[in-house]
Amino acid sequence: MLVDLLQQLFNGLVIGSIYTLVALGLTIIFGILGIAHFAHGSVAMFGGYLTYFLILALGIGVFPAMALAMAGGALLGVVLERVAYYPVRNAPPINSFIIALGLTLIIEKSNLLLFGVDQIIVPTGFNRIFTIGGLALPELRIYILLTAAALVVALTILIQKSWMGMAVRAVAQNRAAAILMGINVHAVSMFVFALSSALGVAAGVLVGALFAIAPGVSGGLVVKGFAVLILGGLGSIPGAIVGGLVLGVSETFASAFVSSAYKDVIAFLLMIGVLLVKPEGIMRRSVAR
Amino acid sequence: MRRLGVLTIAAAIAFSPLATRAAEKTLTIGVSDALSGGGAVYGVPEKRAIDLAIEQINAAGGIAVGKDKYKLAAIVYDDKADPTEATNVARKLIDRDGVKYLLGYCCSASTGAVASIIGREDAIMLVGTAGARAITSAGHKNVFRTRPPGDYTGDAAGRFIASQGVKRLGVVAARDVALFTQYRDALIKAFESEGGKVVAVETFGGQDRDMTAQLTKVRGLEPDAYFISGYVEQVAFAHRQAHELGIKAPRFGFSGGSAAQFLRVASAEAMEGVWDLIAIEFNAEALGENAKNYAKAYEAKWKEYPTPNSAFAYDQVYVLKAALEAAGTVDDLEAVKKALRNLTVPKEVVLRYLPVDGKMFDPKGQAYISNGAFQFRNGNWVFVKELPSDAAAYSKFFQTVRD
Amino acid sequence: MLAVTDLRIAYGKTEVVHGVSFDVAAGECIALIGANGAGKSTILKAICGLIPPSSGDIRFEGRSIGGLPGHAVARLGICMCPEGRQMFPEMTVLENLQLGAYRRRSEDISGTIDEVMTLFPRLRERASQLAGTLSGGEQEMVAIGRALMAKPRLCIFDEPSLGLAPKVVDEIEETLMKIKNLGVTILLVEQAVSMALRVADRAYVLEAGEVVASGTSQEISNDSRVQSAYLGG
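Chains as they are written, first to last, in our numbering: chain A, 1 to 289; chain B, 1 to 403; chain C, 1 to 233.
Heads up, a few of these hints could be off.
Below, in silico cross-link-like pairs of lysine to any residue (SDA-like), each with a Cα-Cα straight-line distance of 25 angstroms or less [stated by the list, open to error]: (1) A/Lys-161 with C/Asp-57; (2) B/Lys-248 with A/Phe-130; (3) B/Lys-301 with A/Gly-116; (4) B/Lys-248 with A/Trp-163; (5) C/Lys-45 with A/Phe-130; (6) C/Lys-151 with A/Gly-165; (7) B/Lys-359 with B/Asp-331; (8) B/Lys-347 with B/Arg-402; (9) C/Lys-151 with A/Val-185; (10) B/Lys-303 with A/Gly-116; (11) B/Lys-338 with B/Arg-48; (12) A/Lys-161 with C/Leu-130.
Take a look, some chain A residues computed to stay more than 12 angstroms from chain B by CB distance [said to hold, decoys possible]: (13) Met-1; (14) Ile-15; (15) Leu-54; (16) Gly-59; (17) Ala-84; (18) Leu-114; (19) Val-117; (20) Val-152; (21) Gln-160; (22) Val-185; (23) Ala-212; (24) Pro-238; (25) Lys-263; (26) Ile-272.
What the hints contain is simulated information worked out from the structure, not anything from laboratory work. Note that the structure is predicted; figures quoted are calculated from it, not measured. Idealized CB from N, CA, C, for every residue including glycine.
Using the sequences and the hints, build the whole thing.
Here you go:
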C-alpha cells in the first residue's frame with residue numbers, strides 16, 4: 001500500500017513538474033504585462049514539434065535538440081511580443097485579450113501547416129526502468145523531473161540574482177519606479193517573452209517525450225497552466241512551482257483514491273476552492289520572492 | 001472543414017472528355033471519415049481502402065446496372081470523428097453534392113450522430129468501423145454496417161479470458177465511447193458468468209494519454225490479468241505505462257490497431273505478449289485468398305500494410321456494387337435497400353462474414369464476422385485462434401434492443 | 001545644468017502647464033514651490049520622460065531631452081525620488097538600493113551601498129527586510145538612498161515630506177542638507193514651503209501652471225504674497 005502511495009506521488013510529481021514549467025511561463029508574462037497569454041500552449045507544442053524534427057534532421061540527442069528549440073522559442077517569443085502585444089501596450093486590456101486569442105489560433109494553425117496532423121512522440125531513447133522495492137522509476141520520468149528541476153533552479157537564480165532578473169521583478173512590482181531607475185520596460189517585456197517561450201518549449205518537449213504532441217494537446221495544457229496560476233497566485237513564481245506540483249499530485253491522487261472520472265474535475269475544484277478560501281492564491285501575488 | 005477534393009479516378013478522367021457512348025455514366029458516392037485528429041488512425045485507412053476498391057471496380061469496367069455501366073467517383077470530407085462536424089458533412093453531401101450513397105464512418109460518436117438523422121433522408125448509409133451498437137440497433141431502414149457491434153465480440157472475449165485460467169481481472173477502459181463501454185460490459189458479464197471476478201474497473205477520458213494513476217491503482221489490487229480497451233493510441237500508451245510500472249501479468253485488450261500503430265507509441269518490448277480480442281478484421285494469415293490479394297493491392301497503392309479495420313470499408317464498396325447490380329437501378333433507393341437486405345455475401349469481400357438466414361445483413365442491416373484472439377509477438381500481431389461466436393443467437397438478441 | 005524653456009504640457013486637450021521656464025546650475029539646490037495642482041509634479045514627470053511635453057524645450061547639460069523615454073533620461077544621470085516613495089514593496093531594502101544603481105550595473109556598487117547606509121544607519125539594520133513592510137519615514141529613506149545610488153548628476157525630489165510626521169520631516173530636512181553639502185545638484189518640489197526655502201539656494205513659485213515669482217530663497221521668503229499664501233504670515 002505504501003509502495004502504491006509512493007508510486008502515485010512519483011507519478012503526480014512528474015506530471016506536476018510539467019505543469020509547473022507551463023505555469024512559470026504564463027505567470028512571468030502575467031506579472032509583467034498583465035496579459036493572459038493563451039497562445040503559450042501552442043508555443044509549447046511548436047517547441048515539441050521543432051525538437052522532434054531537429055532530432056530527426058540533425059541526428060542529435062534530445063537535450064541538444066531541446067536547447068536549440070528553446071533558443072528558437074525565445075526568438076519566437078520576442079517576435080510575438082513585438083508584433084502582437086507591443087502595439088497594444090497602451091490600449092485597454094480587452095485588446096491584448098483578443099490578441100491573445102487570435103495568436104492562439106494563428107500558432108495552432110501554423111503548427112498544423114508546418115508539422116502536419118499526425119501525432120508525434122519525441123524520441124529520447126530513455127527506456128530503462130529502475131525498480132526500488134516495488135517502486136517503478138522509469139528513466140524517462142526521472143529525466144523529466146530532473147530537467148524541470150534544473151530549469152526551475154536556473155530561472156530562480158536568473159530572477160533573483162541577475163540584473164535582468166532584478167529589472168523583471170522591479171517592473172512587475174512598480175513599473176513607473178522601474179523606469180525612473182533607468183530600466184527599459186520594453187526590453188524587459190521582450191526578455192520576459194523570450195524567457196517564457198523558452199520555458200514553454202521545454203514543457204512541450206517533455207510532454208512530447210512522455211506522451212505525445214498532436215493538434216488539440218495545447219488547449220488542455222494551457223488550461224492546466226492557468227489553473228496553476230489561480231492556485232498559486234497570479235504572477236507568483238513560487239506559486240507556480242508549488243501550484244504545479246500540487247495540481248499534478250492532486251490529479252493523480254484523485255484518480256487513484258476517488259475515481260479516474262474526476263481527474264480533470266479536480267483542477268477546477270481546486271481552483272474554485274482556492275478562489276473561495278484564499279482568492280489571492282496559496283502564495284502571495286508577486287514575482288518577487 | 002477541409003474539402004479534400006473530388007477524387008476523380010484515373011479511368012474516369014481518361015474517358016470523360018470522350019463521353020460519347022451513352023452507356024458510360026458516373027455514380028458519385030460520398031465518403032465521410034476522420035482524416036485528422038485521434039480518429040484518423042481508423043479513418044485514413046478506410047478512405048484509402050475505398051479509393052482502392054473504386055479504382056479496381058472502375059478498372060474492371062465499372063458497375064453493370066441494367067444496360068448501363070457506371071464508373072464510381074467519390075467526394076471525400078474529413079469529419080474529424082466529431083459529431084457536429086460529421087452531421088455537417090452529411091448535410092453537405094446530401095443537400096449540396098446530391099449524393100445518395102454515404103460510405104466510410106470509422107468512429108462511434110460521429111457516426112452515431114449521423115445515423116440518428118439519416119432515417120429521414122433520401123440516402124443509404126454504409127457504416128464501416130464505428131462499433132457502437134445503437135448505430136444499427138436503432139433500426140433505421142437505410143443503415144447497413146459491415147462491422148459487428150462491440151458487445152457481440154465482448155461476450156466471446158470474456159469467455160476466452162476465463163478459459164485462460166484468469167480468476168481476478170483488472171479493467172482499465174475508455175470511459176465515454178459506446179463501442180468500448182458496451183464491449184466492456186458484455187465482457188465483464190461473460191467473464192463473471194464463467195466464475196471470474198473483476199477486481200476494479202478504472203476508466204480514462206478521450207484526451208487522456210496518462211493512465212499511470214489508474215494502472216498503479218489496479219496494480220495494487222494484484223489481479224491475475226488486465227483488460228485494457230479504447231482507441232489504439234490510448235491503449236498503446238496504457239501498455240507502455242503498464243510496462244513502465246513493471247506490470248508482468250497478462251494484458252488483454254480491445255482496440256484493433258496495426259502493429260505499426262502500436263509501435264509508434266510503445267516499444268515492442270512493452271507490447272510483447274499483449275492480446276487483442278477483436279472481430280477478425282482484416283488479417284491475411286487468418287483469412288483467405290481475397291485478403292492476401294487485398295493486402296498486396298493496398299500495399300502497392302499506398303506503400304503501407306493495410307490496418308485491420310480498413311477491410312470494413314473496402315467491403316462496403318463491393319457490397320454497394322453487388323446491391324446496385326442486383327437492384328438494376330441507382331436511383332430507386334427502395335429497390336437498392338431491398339437488394340441490400342436480401343444480399344448474399346458477395347464473392348469479392350475480404351472478411352469472413354457469418355450470414356444470418358443465408359443473408360449478409362440481418363433485418364436491422366447488421367453483418368457479422370467471426371471473432372478472434374491475436375497476440376503481439378516479436379513486433380507483430382499473430383493470429384492465435386478463432387473465438388467461438390454465435391452470430392444467429394446474437395442477432396436474435398440484437399433485434400430486441402434499440403440502444 | 002538643467003534649462004527648461006517655455007515648457008507646455010497638456011493632458012489630452014487640457015493644457016496644465018503654460019510656458020514655464022527655469023534653470024538649475026551645477027551644484028545648486030532649486031525649489032519649485034506652489035499649491036496642490038500648480039503643475040509641479042507634471043513638470044517633473046516631463047523632465048523624467050514619463051510624459052511628453054507638448055512644446056518648449058528641456059535641456060540637460062546642453063542636450064535636448066524633451067520627449068526622451070524615461071529610462072534613457074535616467075541613464076543620463078537625472079534621478080528622481082518620486083512622490084509617495086514608490087518602493088519595490090516585495091524586494092528587500094538592499095535590493096531596492098541595488099536597483100537604484102541600475103544605470104551603473106557594470107560597476108562595483110558595494111562602496112556606494114556603504115555610503116548610503118552610512119547616511120541612513122537605520123537602513124543597514126533593515127537591509128534584509130521587505131521594503132513594503134517599512135514605516136513611511138523609513139521608506140522615504142530608502143527612496144532617497146535609492147536615488148543617491150545612481151550617483152546622479154541631478155537629483156529630483158518630489159514631495160519628500162508628504163504624509164510624514166513632523167519629527168520625520170525634520171529628519172528629511174537634515175538629510176537633504178547633507179546631500180546638498182555632498183555637492184549633489186538638487187531640484188526639490190515641496191508643499192512644505194518653509195522647509196524647502198531653508199534647504200534651497202533659489203526658488204520658483206508656481207501658480208496654476210505658471211511661474212509667478214522667482215529669486216533667492218531669502219527674497220522669496222520675504223515676498224509678501226508668498227508669506228500670505230504659503231508661510232501663514
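Consistency of the no-contact label for A/Lys-263, given chain B and a CB cut of 12 angstroms: The claim breaks: A/Lys-263 does not keep its Cβ more than 12 angstroms from every Cβ of chain B (closest is about 7 angstroms).
Verify this label for me: A/Ile-272 is non-interface relative to chain B, using a Cβ-Cβ cutoff of 12 angstroms. For A/Ile-272, whose nearest Cβ neighbour in chain B is about 20 angstroms away, the distance exceeds 12 angstroms, so it holds.
No chain B beta carbon within 12 angstroms of A/Val-185's: holds (39 angstroms)
Verify that the Cβ of A/Gln-160 lies farther than 12 angstroms from every Cβ atom of chain B, and report whether the claim holds or is violated. holds (33 angstroms)
Starting from B/Lys-248, check that the Cα of A/Trp-163 is at most 25 angstroms away, please. Roughly 54 angstroms separates the two Cα atoms, so the pair is violated.
Assess, step by step, whether the Cα of B/Lys-359 is no farther than 25 angstroms from the Cα of B/Asp-331, and give holds or violated. The given pair, whose Cα atoms are some 23 angstroms apart, holds under the 25 angstroms limit.
Closest CB-CB distance from A/Leu-54 to chain B, is it above 12 angstroms? Per Cβ check, A/Leu-54 is outside 12 angstroms of chain B; nearest 19 angstroms; holds.
Please verify that the nearest CB of chain B lies beyond 12 angstroms from A/Leu-114's CB. holds (15 angstroms)
For A/Val-117, is the shortest beta carbon distance to chain B beyond 12 angstroms? violated (4 angstroms)
Would you mind confirming whether the straight-line C-alpha gap from B/Lys-347 to B/Arg-402 stays at or under 25 angstroms? violated (31 angstroms)
B/Lys-248 and A/Phe-130: Cα distance at most 25 angstroms? Holds. B/Lys-248 to A/Phe-130 sits at ~15 angstroms (cutoff 25 angstroms).
Regarding the pair C/Lys-151 and A/Val-185, is the alpha-carbon distance no greater than 25 angstroms? Status holds; Cα separation ~21 angstroms.
When each numbered hint is compared with the structure, violations occur for hints 1, 4, 5, 8, 11, 13, 14, 19, 23, 25.
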